[in-house]
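Based on these hints, arrange chain B on the given structure of chain A.
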Amino acid sequence: MVNEKYNLKNEIETVREDCLKPTRRWGRSTRIWIGCLLIVISWGLYCYIHQLRAGLGVTAMRNYVSWGLYISTFVFFIGISHSGTLVSAILRITKQEWRRPITRSAELLTWVSLLFGGIMPIIDLGRPDRIANLVIFGRIQSPLMWDIISICTYFVGSSVFLFLPMIPDMALCRDRLSVCDTRFKKFRKWLYTKMAIGWKGTKSQWHRLEKSMTIMTIIIIPVAVSVHTVVSYIFAMTLRPGWNSTVFGPYFVAGALYSGSAGVILGMAAFRKLYHLEKYITPRHFDLMGRLVLALTLIYAYLNLNEYWIPAYKMATAEGHLLRDLFSGSYSTVFWTLQFGTVLLPIIILSIPKGRRPLMLAITCIIIVAGAWVKRYIIVVPTLLHPFMPIQEVPNDWSSYFPNYVEFSITAACLAGIFLVITLFSKLFPMMAVWEVEEGILIEHDKQAAIELRLKREAEEAKTNGEHSGTGTEPIVQPT
Amino acid sequence: MEKDNLENQPNRRNFLKIGLIAGGSIAAGTFAISKILTQDKKTESGIKKTVFTQDGKVFTADQSHLHDYEAPPVSNEEARKGIPNKKFVMVIDEAKCDGCKKCTDACQAMHYTESDREWIKVFKMQDANATAPYFFPKPCFHCDNPPCTKVCPVNATFKRQDGIVLIDNERCIGCRSCMVACPYSTRFFNWSHPKEQPGLADIAYSPERSIPRRMGTVEKCDFCPDMIRQGKMPACVSSCPMDAIYFGDQNEDAVTNGSGVTVKFSQLIEDNAGYRHLEELGTDPRVYYLPPKNRKYPKPDMDAVGKEKNEKKPMDMGDMQMSK
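Residue numbers (my numbering), protein chains in the order written: chain A, 2 to 481; chain B, 10 to 333.
Excised from the complex, chain A in its bound form (with noise of 0.2 Å):
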């Protein structure tokens, strides 16, 4: 019994060393790459301060189309931000436990990306001098100002709903930081003490803890699931061929869970490789995640089918000039290669055991996140190529769109900060939810102490009765 507790103790050891581990040391290779970010961002920066001066004319977006590929990359990001709730929240509220080492990295892909997300439209406002007059004059009856709201709201609530099961780890960080070697330690120190705001472990902490996570999971999913719906409503809320559509919601809704746990899996493949969480993150998480990006994948599927055949069947006017250009026209390639490459492929690698194993997984992964940022990009431009007035006379570069230089930059340098961000959490923060994965291990030690008591048990039953019968019974249970 004593060996056992203190393998137990020693197991909880190894979580928490583990998990704590890359945030001690600073590799060179972590200092390169974030040198990488760094120049990225400076040239995003540099291109769209240039942007500032000189007005959005710098880009390739003109009066057909207005929106671009900032937008794009605007429903793109948020959608991704739907991972963290996905995973965590609806993981958590059918308490899978194997949500445990991955939900981290979810929320904090969501936290990230719902971030950048939002500056995005920031970026591709014509007067951002004048963002004030959104609060000063703003129309609650404006679809963006639908959206401002909603997001503002989920990034609040997903703050939230990352920060609190920090706590006890921050608490753990601040405990620990004192034995070793630690670079940045005067700063480490103030921060662990201060986001650990008092975490003491007591009953009474925990129960808070327990009752706010609970409140939180439930307040996090309808808001994110009306913020992808509202987001596709700066769209559905126009009379433009191709976005007039009713099932926009629940198709971006769709659209933002498929790419976003697909983003989901990337982090926990890449945290996996890179900070050696095999032991935690293993095969068995890849292919559950996988089942569950299938299942997307298909809702998805279903919702595209909806979005293009219901329109293509009838050919109406305005329509039928958009879809005859996606499906046959100057966009078919992109439009069949996203259709069949990155919805259909994706279905039949997830369907088969060995397209879920971690590596392939991954590279479906990649082409899926792809895929949906391309797909924004077929949602938004096409449609603006196609007005219900004809496009004659005008300058050329107003009939066609492709995104120049400016956009690519202040776009990577928006990716390249939400790797940096992530970057850096995971240098200052345990990339696992150290508590969370601990709780797990006790309740599996729980359920094994529990099914040995409940066989040593029915063994001396079978003994007592055995005398009687002659046979013994089976145990139920079978230890896991």
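If you're looking for bench data, these hints aren't it; they were derived computationally from the structure. Please note: incorrect hints may appear among the correct ones.
[To be verified] Reference excerpt, derived from the structure (chain A facing chain B, CB under 10 Å, subset only): (1) Val59; (2) Leu116; (3) Gly119; (4) Ile120; (5) Pro122; (6) Asp125; (7) Pro129; (8) Asp130; (9) Asn134; (10) Pro144; (11) Met146; (12) Phe185; (13) Leu240; (14) Thr384; (15) Pro388; (16) Glu394.
All of these numbers come straight from a predicted model, not from anything done at the bench. All residues carry an ideal CB built from backbone N, CA and C; glycine is no exception.
Here is chain B on its own, set in the frame of chain A:
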């Protein structure tokens, strides 16, 4: 005279009369603002005139000292309210339009627009292969159910009680929601620093005037409310040599063309089977069209449009397709 402008709200008769006179001189620079009292010494005429100053004070001066002075722009609140008891409406007769684009030129001259921005644009249209081609001048439709003002997050574009949809470019944040919402591609964005003629940038701004324009904001056809307030016709109406464009007040049921001929609006629509473009969208436009029956001009050359279109882009360019 300023006094006239202040005292008389332009009633219809007045409106038409001045419209007639103003016809030729509109392009000659309504914005050439001169001071009331000139510096150079002119010979005094001896005729004294009593006028009101901007702040409502009575002021007497020799006539030679008084110059034709454009009324100062109305306040932002007034520009948002609109002209009381009016409901402006435009009728464009496709049977009369020969596609000369004089309306576009006059509009661009009056609003100092760059050549690529056609607030009123003359399209060459053909609804189907076998239907008649026609010229289609398209200003802003000033819809009664405007998709653009609905989506504006800051109320920078708004619908007035006189039916006009305007933009306040001092409030616009440049999100371009209105541009993607407008089904008629009516709105233009100032992507870069506006190439303004010297002096224009210092003019007092009013949403009714749309000048000076500002980078990062949206602009479009405004039905020339500053001209209407002076009792003049919008530039496109008075410049049309074919008298194809009528403008007026639906409340008075009267519209007037560039030559000053006033007709009953309802009668005009009824007699000529007037319609509105893309009625099925439900935007309720304030611009009506008369079908191109018994055309007075050669039909537009649609093959040229098709060629030009194909040269620019190999794909479908719009939804009202013109060529094979």
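Going down the list of hints, with the structure as the test:
no.: 1; hint: Val59; in the structure: holds (8 Å)
no.: 2; hint: Leu116; in the structure: violated (20 Å)
no.: 3; hint: Gly119; in the structure: violated (14 Å)
no.: 4; hint: Ile120; in the structure: violated (14 Å)
no.: 5; hint: Pro122; in the structure: holds (7 Å)
no.: 6; hint: Asp125; in the structure: holds (7 Å)
no.: 7; hint: Pro129; in the structure: holds (8 Å)
no.: 8; hint: Asp130; in the structure: holds (9 Å)
no.: 9; hint: Asn134; in the structure: holds (4 Å)
no.: 10; hint: Pro144; in the structure: holds (6 Å)
no.: 11; hint: Met146; in the structure: holds (5 Å)
no.: 12; hint: Phe185; in the structure: violated (40 Å)
no.: 13; hint: Leu240; in the structure: holds (5 Å)
no.: 14; hint: Thr384; in the structure: holds (8 Å)
no.: 15; hint: Pro388; in the structure: holds (5 Å)
no.: 16; hint: Glu394; in the structure: holds (7 Å)
Hint compliance for this structure: hints 2, 3, 4 and 12 are broken, all remaining hints hold.
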